[in-house]
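K.L.:
Residue-level listing of the chains:
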Amino acid sequence: MSAPVQAEDAEAPPGAGTEPGAVRAVLDHVKGYWSEVRSGEVGALPAVAGIIALCAFFGASQPVFLSVGNLANLFGQGAAVACIAMGLVFVLVIGEIDLSAGFASGVCASIMAVVLTNWGMPWPVAIGAAIATGVVIGLVLGTLVVKLGIPSFVVTLAAFLAFQGIVLMILKEGTNITIHNDTVKAVAGGNLERWQGWVLLVLAVAGYAALQLNRWRRRVGRSLVHEPLAVVLARIASLTALLTATVFLLNLERSANPQIISLTGVPVVVVILGGLFAVWTFVLHRTRFGRHLYAVGGNAEAAVRAGVNVDRVRIAAFVICSAMAAVGGIVAASRAASVDPNTGGSNVLLLSVGAAVIGGASLFGGKGTVRAALLGGAVVAIINNGMGLMGLSSGVRFGVTGAVLLLAAGVDAMSRGRGKLFGRH
Amino acid sequence: MLLELTGLSKRFGPVEVLSDVDLSIDAGEVCALVGDNGAGKSTLVKCVAGIHGIDGGTISVNDEVRTISDPRDAAALGIEVVYQDLALCDNLDVVENLFLGREKRRGLVLDDDAMEQLAAETLKSLAVRTIRNLRQPVASLSGGQRQTVAIAKAVLWNSQLVILDEPTAALGVAQTRQVLELIRRLADQGLAVLYISHNLNDVFAVADRIAALYLGRMAAVIDAADATQSQVVELITSGRSGTSGLIDTNGTNGARQ
Numbered sequence: 001m002s003a004p005v006q007a008e009d010a011e012a013p014p015g016a017g018t019e020p021g022a023v024r025a026v027l028d029h030v031k032g033y034w035s036e037v038r039s040g041e042v043g044a045l046p047a048v049a050g051i052i053a054l055c056a057f058f059g060a061s062q063p064v065f066l067s068v069g070n071l072a073n074l075f076g077q078g079a080a081v082a083c084i085a086m087g088l089v090f091v092l093v094i095g096e097i098d099l100s101a102g103f104a105s106g107v108c109a110s111i112m113a114v115v116l117t118n119w120g121m122p123w124p125v126a127i128g129a130a131i132a133t134g135v136v137i138g139l140v141l142g143t144l145v146v147k148l149g150i151p152s153f154v155v156t157l158a159a160f161l162a163f164q165g166i167v168l169m170i171l172k173e174g175t176n177i178t179i180h181n182d183t184v185k186a187v188a189g190g191n192l193e194r195w196q197g198w199v200l201l202v203l204a205v206a207g208y209a210a211l212q213l214n215r216w217r218r219r220v221g222r223s224l225v226h227e228p229l230a231v232v233l234a235r236i237a238s239l240t241a242l243l244t245a246t247v248f249l250l251n252l253e254r255s256a257n258p259q260i261i262s263l264t265g266v267p268v269v270v271v272i273l274g275g276l277f278a279v280w281t282f283v284l285h286r287t288r289f290g291r292h293l294y295a296v297g298g299n300a301e302a303a304v305r306a307g308v309n310v311d312r313v314r315i316a317a318f319v320i321c322s323a324m325a326a327v328g329g330i331v332a333a334s335r336a337a338s339v340d341p342n343t344g345g346s347n348v349l350l351l352s353v354g355a356a357v358i359g360g361a362s363l364f365g366g367k368g369t370v371r372a373a374l375l376g377g378a379v380v381a382i383i384n385n386g387m388g389l390m391g392l393s394s395g396v397r398f399g400v401t402g403a404v405l406l407l408a409a410g411v412d413a414m415s416r417g418r419g420k421l422f423g424r425h
Numbered sequence: 001m002l003l004e005l006t007g008l009s010k011r012f013g014p015v016e017v018l019s020d021v022d023l024s025i026d027a028g029e030v031c032a033l034v035g036d037n038g039a040g041k042s043t044l045v046k047c048v049a050g051i052h053g054i055d056g057g058t059i060s061v062n063d064e065v066r067t068i069s070d071p072r073d074a075a076a077l078g079i080e081v082v083y084q085d086l087a088l089c090d091n092l093d094v095v096e097n098l099f100l101g102r103e104k105r106r107g108l109v110l111d112d113d114a115m116e117q118l119a120a121e122t123l124k125s126l127a128v129r130t131i132r133n134l135r136q137p138v139a140s141l142s143g144g145q146r147q148t149v150a151i152a153k154a155v156l157w158n159s160q161l162v163i164l165d166e167p168t169a170a171l172g173v174a175q176t177r178q179v180l181e182l183i184r185r186l187a188d189q190g191l192a193v194l195y196i197s198h199n200l201n202d203v204f205a206v207a208d209r210i211a212a213l214y215l216g217r218m219a220a221v222i223d224a225a226d227a228t229q230s231q232v233v234e235l236i237t238s239g240r241s242g243t244s245g246l247i248d249t250n251g252t253n254g255a256r257q
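Quick note, the sequences are listed as chains A and B, same order. Residue 412 in the working numbering sits at position 412 of the first sequence; the count goes up by one each step and never skips. Residue 132 in the working numbering sits at position 132 of the second sequence; the count goes up by one each step and never skips.
You may find that some hints are simply not true.
[To be verified] Which chain B residues face chain A? A few, computed with CB under 8 Å, are given here:
no., residue
1, Val15
2, Glu16
3, Asp90
4, Leu92
5, Glu96
6, Leu100
7, Arg106
8, Met115
9, Gln117
10, Glu121
11, Lys124
12, Ser125
13, Trp157
Calculated directly from the structure, the hints in this document are not laboratory data. Fair warning: this is a prediction, and the values are worked out from it, not measured in the lab. Quick reminder that beta carbons are idealized off the backbone N, C-alpha and C, glycines included.
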């Protein structure tokens, strides 16, 4: 969250700090942001710091970590977990948990594989069936939690076991189904043409800049408290620089033998993640439904009294979570080009929860963003990728990932405690 | 009369919690409702707010008899209640809380700027100077500021009658003063205010009239300017004071058995 000017001095007399020079305004803005961080609103800071530190560490010990090929690889490895984490944010925001999201993605992926390979249906039908399965799963889970009042922990733990069984039943006790369809395989394996990457970059940057500047202009027009223009421009510039660098690097040749097969371009999965990020961020922050999600997570009683249909909002959160798990399952199946009883199993769920929490979603409800899921997903992917490159055993990798999750949950709990000291609950 | 209760009765099973209560509140006045624990203050508020149905008597709003069977009826008649436990979302900011459940939109998209502007205007019209940043989370506000937000939320919707249930119970001296000033301004703007409190200092500081409930009956409704604190204490504890108060059926001045 960016802090408006004067965020820090709620009780200061009016008149103080009015009409500051441009430099003064920017300094105030930075000061306001810093005081938010100090009062427990750490936001994305730990995840960003973690990404930088991890990249420095792995880059120093394994130079191949910083290669272009590995960068593209990271997106593919982290995509499924990031999708599931984006969905989990919705459930975490309302103060619930979905432990079945991992195996829900397995169930949906299995359905897709059966429809696609065994029944020979076209790919849109298969993907539609997978997502519809996710929606139904979410409806059932949400209804059990909301209408019957069973704690979500128990409902989704039961579903965790049951879905594992359903995957086995669909896959006839452990066969694996290969996916031959090129479109589905391209979800996680395909790359854009170089020019397509640049066009998308221009569209994304132009869209972001238009939104930011328009918002700034409107607030100035209505003479509401607004950020200094320099801060808005700096934000647009840094996003532009980051995205340009990413597209540039991903457009470099990353094949080991370019003569045999050429590997360039932005991976398709990056575009999918970006699109989902934009859509869900819009839903969470710019719609009435999103506002009500936060209200339900903050104080459900207040939401009821304000006339919010709390039951419907909570069920919808579970539906979004399971539907995003389905998307995660599709991505995972696409990457492996097959579905087996382990799809969505093993540590997928814990990595997803970890990703959301590391990014800054709170296990106590009321807090969390889609951006958090992506940043946290990046941290998780980097840890696994980097430790894999270092040749560490999977035992060590599990241990370290667990420790990082614990650390993130600790930061979450501590920022709550610190918030209390500053009068926040 | 903006609100007029006549012969209001409410029973919970065999227990008569309110019996034959008369009370009227005009626009632009602050009426304090006092009484000991169990006198029926909360029940009276809940009857007017539509949370409890009534067993006898009538409720008139703007001289028309109305049936208020749920909180939405009350809101439609311009009656808003600020409950003791505030009902604010800590993780939302001031504007988001003020408009919760009644957000303004342009098409599908929330119109945050319009809401912020309207919130600023409302707070300005109430002469609230204690909340400077409308975009800070409610969690970071003090008790008095939170109470101010809760009251502003109630007056944002063209309300005619605002009922405040112990708004100063948890506040310090300076903050209590701010809230009392705010209550006075509501009345000055033409709203009717029903103000429930245990603190007689606060009651005398802000009320035009004082209604004292005693064991479910209206002991007396007196002008604050003519009353003393000890009179009100007598009304609260014994249901009568001097010539005012409840009168027995045999003519002596005294409370119900």
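K.L.:
Against chain A, is Arg106/B within 8 Å by beta-carbon distance?
P.N.:
At 10 Å from the nearest chain A Cβ, Arg106/B fails the 8 Å test, so the hint is violated.
K.L.:
Against chain A, is Val15/B within 8 Å by beta-carbon distance?
P.N.:
Since chain A brings no Cβ nearer than about 27 Å to Val15/B, farther than 8 Å, the hint is violated.
K.L.:
Does Glu16/B pass the interface check with chain A, least Cβ-Cβ distance below 8 Å?
P.N.:
violated (29 Å)
K.L.:
Hint Gln117/B vs chain A: min CB-CB distance below 8 Å?
P.N.:
holds (5 Å)
K.L.:
Please check whether Trp157/B passes as an interface residue: C-beta within 8 Å of a C-beta belonging to chain A.
P.N.:
violated (11 Å)
K.L.:
Tell me if Asp90/B is really an interface residue toward chain A, meaning its C-beta lies closer than 8 Å to one of theirs.
P.N.:
Cβ of Asp90/B sits 5 Å from chain A, so the hint holds.
K.L.:
Do the numbers back the hint for Ser125/B, that is, is its least Cβ distance to chain A under 8 Å?
P.N.:
violated (17 Å)
K.L.:
Do the numbers back the hint for Glu121/B, that is, is its least Cβ distance to chain A under 8 Å?
P.N.:
violated (11 Å)
K.L.:
Given Leu100/B was flagged as interface, is its beta-carbon under 8 Å from a beta-carbon of chain A?
P.N.:
At about 4 Å, which falls below the 8 Å cut-off, the nearest Cβ of chain A leaves the hint on Leu100/B intact, so it holds.
K.L.:
Have a go at the Met115/B hint: is there a Cβ in chain A nearer than 8 Å to its own Cβ?
P.N.:
Violated - the Cβ of Met115/B stays beyond 8 Å from chain A, reaching only about 10 Å at its closest.
K.L.:
Taking the closest Cβ pair, is Glu96/B under 8 Å from chain A?
P.N.:
Because about 6 Å separates Glu96/B from the closest Cβ in chain A, which is inside the 8 Å limit, the hint holds.
K.L.:
Double-check Leu92/B for me: the hint is only fine if its C-beta lies closer than 8 Å to a C-beta in chain A.
P.N.:
holds (6 Å)
Of the numbered hints listed earlier, those contradicted by the structure are 1, 2, 7, 8, 10, 11, 12, 13.
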